[in-house]
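Trainee: This is what each chain is made of:
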Amino acid sequence: MRLLLVLLAVFIAVTALGFWTNHLLESATAELVHDLDGIASQIKQQDWEYALAKTRELEKDWEKKAGWWPALLDHQEMDNIKFALARFKEYVAARDSALARGQLSELREMIMHIPEKEALSLKNLF
Amino acid sequence: MILGILRTLILFFLVVLGLRLMGKRQVGQLQPYELVIIIMLSALAAIPMQNTGVPLVSGLVPILTLILVHVALSYTALKSERARGIICGTPSVLIENGKIIESELTRLRYNINDLLEQLRSKNIPNIADVEYAILETSGHLSVIPKSQKRPVNPEDLNLSTKYEGLPVTLIIDGYVFRKNLDRINLSEDWLMSELRKYNLHNLKDVLFASLDTEGKLFFQVKSRAG
Numbered sequence: 034m035r036l037l038l039v040l041l042a043v044f045i046a047v048t049a050l051g052f053w054t055n056h057l058l059e060s061a062t063a064e065l066v067h068d069l070d071g072i073a074s075q076i077k078q079q080d081w082e083y084a085l086a087k088t089r090e091l092e093k094d095w096e097k098k099a100g101w102w103p104a105l106l107d108h109q110e111m112d113n114i115k116f117a118l119a120r121f122k123e124y125v126a127a128r129d130s131a132l133a134r135g136q137l138s139e140l141r142e143m144i145m146h147i148p149e150k151e152a153l154s155l156k157n158l159f
Numbered sequence: 063m064i065l066g067i068l069r070t071l072i073l074f075f076l077v078v079l080g081l082r083l084m085g086k087r088q089v090g091q092l093q094p095y096e097l098v099i100i101i102m103l104s105a106l107a108a109i110p111m112q113n114t115g116v117p118l119v120s121g122l123v124p125i126l127t128l129i130l131v132h133v134a135l136s137y138t139a140l141k142s143e144r145a146r147g148i149i150c151g152t153p154s155v156l157i158e159n160g161k162i163i164e165s166e167l168t169r170l171r172y173n174i175n176d177l178l179e180q181l182r183s184k185n186i187p188n189i190a191d192v193e194y195a196i197l198e199t200s201g202h203l204s205v206i207p208k209s210q211k212r213p214v215n216p217e218d219l220n221l222s223t224k225y226e227g228l229p230v231t232l233i234i235d236g237y238v239f240r241k242n243l244d245r246i247n248l249s250e251d252w253l254m255s256e257l258r259k260y261n262l263h264n265l266k267d268v269l270f271a272s273l274d275t276e277g278k279l280f281f282q283v284k285s286r287a288g
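Those protein sequences? They're chains A and B, same order as listed.
Quick note on my numbering: the first sequence kicks off at 34 and runs consecutively.
Quick note on my numbering: the second sequence kicks off at 63 and runs consecutively.
So that you can see chain A by itself, here it is in the shape it has in the complex (with noise of 0.2 Å):
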């Protein structure tokens, strides 16, 4: 009986993580999205010298978010998400309007995909 209480408490802790680190990522893309509309408007005013400033802060930003990410997300679309980054950045950088937006619209998908993918719904659990 005392494995079982002992299995059990485990469990709950973890299933508490996991409720825990879905609230988290939740919260954290959110805030990247929010920023990632900010450079989008700031594309749009054709302010490209702030949206470079904003874009590689939200650089820094990702990193220091989705450090522990790859602990829990598949590496694969961590690394994607890190490329689409930097292809972006240096979008921003050439002021080629057409491509930042493309690129900024699929990192947009990209990093809301993230809680999609763990969020508890009936279209994950099948």
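It is worth saying that the hints were derived from the structure and are not from the lab.
Beta carbons are placed, not taken as given, at the ideal position from N, Cα and C, and that holds for glycine.
Any given hint might turn out to be false.
[Stated by the list, open to error] On the chain B side, residues computed to face chain A include the following (Cβ under 8 Å):
#1 Gly115
#2 Pro117
#3 Val133
Keeping the supplied structure of chain A fixed, place chain B upon it in accordance with the hints.
Mentor: Relative to chain A, chain B alone:
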């Protein structure tokens, strides 16, 4: 590559720990749900082991869940007869009072050839010698031969027998089991003095030594020492 080695070691030890927690029954005959858990465990451990892109947690959490499920099901089956019937199934009588229960064989899709094969493997070539044959929940066939066909035992012949306990192991490969010596109120000095009678002066030279319930010491010396 180093990552692969480390991940393999972590998962290996976790699965071994899991199997140890599941108990000794795993090693022998498995219940259907235990078999499912073993198959799932091996698959779950293999994926993060070979693919370093998959987080280790993706393997660890399902393994922990399976261990919990196994322990919970085992406790439930232990405490409730009804739950045991649902989880493990119930034994099926295939031969009762020497008569094959055809309906049971059909229900279990167990053909007569399988039954005969199992009986032969238990040294019962003639089905007519069987009083009861029971298919256990683990798939193991238990056979009870007719009383006329079972081996004679001392009770049948009204013979009195003396107590036969279990010999106590005292030394294995030079290692002295002091706990066993204490249990039978003997000491290492006694063991040494007994072995000296056979011109043995070092316990490390003994491959195996045991003491039976009649107090007879059995020992064998290591080949290099002999």
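Trainee: All the hints need checking, so say for each whether the structure fits it.
Mentor: Here's how the hints hold up against the structure:
| no. | hint | in the structure |
| --- | --- | --- |
| 1 | Gly115 | holds (4 Å) |
| 2 | Pro117 | holds (6 Å) |
| 3 | Val133 | holds (5 Å) |
The structure agrees with every numbered hint stated previously.
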